[in-house]
Amino acid sequence: MTVERTIAEINEKVKQGKAVVVTAEEIIDIVKEKGVKRAAQEIDVVTTGTFGTMCSSGAFLNFGHSKPRIKMNKANLNGVPAYAGIAAVDAYIGATALPESDPENRIHPGKFLYGGGHVIEDLVAGKKVKLEASGYGTDCYPRRHLETWITLQDINEAILFNPRNAYQNYGVAVNTSNKTIYTYMGVLKPRMGNASYSTSGQLSPLLNDPYYRTIGIGTRVFLGGGIGYVAWHGTQHNPSVARGENGVPTTGAGTLALIGDLKQMSPNWLRGVSFLGYGASLAVGIGVPIPILNEEILVSTAVTDAEIYTTVVDYSSAYPERKPEVLGKVSYAELRSGVIKLQGKDVPTTPLSSYAKAREIAQILKEWISNGSFLLTEPVQLLPSVEAGIELKSIEIRNNS
Amino acid sequence: MVANKYVLRFSSALVDQPVIYHLVKDYDLVINILKADINPHQEGYVVLELSGDSENYNRGLEYLKSTGVDVAPLSGTIFWNKDRCLQCGACTSFCPTGALKMDLQDRLVDFDGSKCIVCESCLDVCMARAVEVRF
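Those sequence lines, one after another, are chains A and B. Quick note on numbering: the first sequence equals residues 1 to 401 in the numbering used here. Quick note on numbering: the second sequence equals residues 1 to 135 in the numbering used here.
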């Protein structure tokens with residue numbers, strides 16, 4: 001008899017403290033030992049995790065009104081500009097925003113020591129953050145300027161809303177040129193001196209549900225140490241890429257737009273980061289539970305690093321120029337060994353996302369579900385999959401002449 | 001007499017050149033190698049103490065710099081802030097001595113100060129700015 005379960009049935013077991021939950025790493029050995037059928041009968045939920053830099057992140061803040069009122073059209077937090085082109089005291093602080101005083105890459109490579117991601121970390125850590133805002137003054141909002149200190153507790157809402165997180169797979173970056181280059185994939189040494197990679201592979205959320213059979217709008221997740229939800233498919237969500245026989249994409253594919261209450265979150269799982277010569281950003285911790293509704297879903301969660309492949313791209317030329325060339329294909333098992341073989345050369349690998357922290361997130365989520373404090377949700381609508389036929393668009397440069 | 005400690009970093013193109021021989025033979029410097037890792041066709045480093053009379057010492061240093069060897073004074077110590085560390089492991093692929101190392105099983109980064117030559121290669125590649133040099 002094949003296994004069929006519903007999310008409602010799983011939640012009944014969660015409430016009774018009887019749900020069997022394992023991580024996406026633990027499931028691998030369980031399936032090897034017991035086989036798919038028995039594992040699917042026994043296990044209700046598999047938890048995933050990832051912790052890495054995700055630039056498409058930020059937070060909506062509502063500061064509350066001052067007396068007299070101000071309609072902010074500029075708002076800086078610790079000197080970092082937030083987008084204030086919405087209602088009077090609402091703003092969006094983006095992870096990669098930089099203070100106007102930042103030297104950027106004028107002295108190359110710039111250090112980008114403090115940006116929007118660091119503001120978010122400071123807010124979540126409960127630190128006082130300087131708010132400086134200005135407006136042009138209206139009859140209903142006469143104040144033109146304010147300078148004060150705020151904390152996360154002082155303000156009304158703080159909603160983390162990340163338009164693109166948890167990329168399903170990602171390319172490996174190398175540099176074939178003769179000089180060091182500074183990228184969002186870190187520092188890349190000349191002549192393929194290193195190869196940077198991201199994603200938590202066999203623990204990564206979307207690599208464990210390659211066709212998005214369980215993850216959709218409304219899926220409750222671990223986000224930044226608190227509870228969040230899948231709001232939509234993420235920007236650049238592209239299910240149409242090449243996939244291996246196991247259905248796992250061999251390059252960047254699906255993405256998630258995530259939302260959650262920043263006030264519940266923790267600086268352990270939201271951390272400002274600085275990429276030399278590139279910019280500032282935010283490292284985000286995410287964990288997604290995968291309900292084992294049937295054997296097919298279970299098989300997907302048992303995927304191993306050796307079965308997940310990704311493509312190697314030259315960031316000195318092919319990436320910036322958008323040329324399609326790839327230098328090779330490697331598995332996450334090879335990447336995690338510390339050295340990959342590329343064009344006959346041994347290239348040391350540089351990990352950019354934390355496998356240890358991804359593992360910790362999957363364990364925390366497993367505990368939350370096991371102790372009954374985290375119920376699974378039925379997605380309102382699944383994410384667009386291969387059938388949606390999505391084609392990624394690009395900017396066409398049109399001249400006026 | 002002048003005596004100072006330096007970290008010399010050799011690119012793979014320079015490792016087969018007898019740089020230290022010239023320091024001794026042509027500039028009459030006393031060399032005490034404290035730590036070294038040089039392999040054919042790979043980049044390498046030498047931590048050494050250089051001493052000699054001040055004219056020879058300065059000429060020797062000039063010679064060293066003219067060869068293209070990266071010469072940096074050994075000063076300060078590297079401090080690894082475990083709480084700020086994101087455990088990504090990026091630094092470990094830049095550390096030439098294995099002082100910053102990632103365990104392949106638990107995939108946690110650890111720092112062994114006794115192996116550190118204060119080359120500072122880790123400082124700016126750390127996205128969390130969890131390593132700093134303290135004087």
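For the record, the hints were derived by calculation from the structure and aren't laboratory data. Watch out, some of these pointers could steer you wrong.
[Said to hold, decoys possible] What follows is a set of in silico ranges between Cβ atoms, one per label pair, in the way DEER data are often shown:
| id | chain 1 | residue 1 | chain 2 | residue 2 | range |
| --- | --- | --- | --- | --- | --- |
| 1 | A | Lys263 | B | Asp37 | 33 to 39 Å |
| 2 | B | Asn4 | A | Ile397 | 36 to 42 Å |
| 3 | A | Lys32 | B | Gly68 | 29 to 35 Å |
| 4 | B | Val24 | A | Gly126 | 31 to 37 Å |
| 5 | B | Gly113 | A | Lys341 | 47 to 53 Å |
| 6 | A | Leu113 | B | Thr77 | 20 to 26 Å |
| 7 | B | Arg84 | A | Lys18 | 37 to 43 Å |
| 8 | B | Glu132 | A | Glu321 | 35 to 41 Å |
[To be verified] Footprint (simulated), chain A over chain B, 3 or more residues, beta carbon under 8 Å:
| id | segment |
| --- | --- |
| 9 | 73-81 |
| 10 | 88-99 |
| 11 | 118-131 |
Glycine residues also receive a C-beta, built at the ideal position from the N, C-alpha and C atoms.
So, against the hints stated earlier in the document, which numbers end up violated here? Checked against the structure, the hints that fail are numbers 1, 2, 3, 4, 5 and 9, while the rest are satisfied.
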